[in-house]
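If you read the sequences in order, they're chains C and P. Using the working numbering, the first residue of the first sequence is number 16, and each one after it goes up by one. Using the working numbering, the first residue of the second sequence is number 194, and each one after it goes up by one.
There are no misleading hints in this set.
Derived CB-CB ranges, DEER-like: (1) V67(C) x E210(P): 43 to 51 Å; (2) A265(P) x V128(C): 42 to 50 Å; (3) P233(P) x V128(C): 21 to 29 Å; (4) S221(P) x T101(C): 31 to 39 Å; (5) G31(C) x E208(P): 45 to 53 Å; (6) Q195(P) x E77(C): 18 to 26 Å; (7) R59(C) x D274(P): 31 to 39 Å; (8) D53(C) x Q308(P): 21 to 29 Å; (9) G78(C) x L304(P): 25 to 33 Å.
Simulated from the structure, these hints should not be mistaken for lab results. Only a predicted model underlies this, so the values are computations on that prediction, with no experimental measurement involved. Glycine is no exception: its CB is placed at the ideal position from the N, C-alpha and C atoms.
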Amino acid sequence: DGGITQSPKYLFRKEGQNVTLSCEQNLNHDAMYWYRQDPGQGLRLIYYSQIVNDFQKGDIAEGYSVSREKKESFPLTVTSAQKNPTAFYLCASSLWGRNTEAFFGQGTRLTVV
Amino acid sequence: AQTVTQSQPEMSVQEAETVTLSCTYDTSESDYYLFWYKQPPSRQMILVIRQEAYKQQNATENRFSVNFQKAAKSFSLKISDSQLGDAAMYFCAYGDYGGATNKLIFGTGTLLAVQP
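Build the full structure now, drawing on both the sequences and the hints.
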């Protein structure tokens, strides 16, 4: 079945550590996105990528990094520079251009301990 | 910059009744899409309905319909014959496909409760 897979579902990080969230899609979508969800703030865009080896910062990119070495994969690294990383992270993908409905993964809940 | 506003943090509806969720947006683009997504307790985002800005006809998907007012930049969602399974967080989203970007901008969401 085609879809987007995020892993792990739950992740715990110690202060000062970097952690990487995985996002893989087999929908042959060009574009991939990372959103952060906090209570009362909706979904905020962290990074997005239109094609392989290219990505752009979203609205809240500070403290995060991404790579897009393969069309299917768009991992997100939460660095120690992110001051408040505890949140729910959603990955999405879509075709590029018109009629681009976004498909979402099941999310990763990151907690700093 | 484009913005999406959902002014109703929480709504409640009786089972089998109708409820309308509000959404307004701001953009200078003429070519864009609008979406309503549903996020149940599982937190999986599910597309409910989509509206192309160039279409005057309001989109409909079974019990879900929208009232798209382009001049007023308003995009409300009507849920008819509400069911217990409709209880979820609902997000309005704007898709900017007329410019160089291709990203969805979300509102803050409306939490819908369905009373039996």
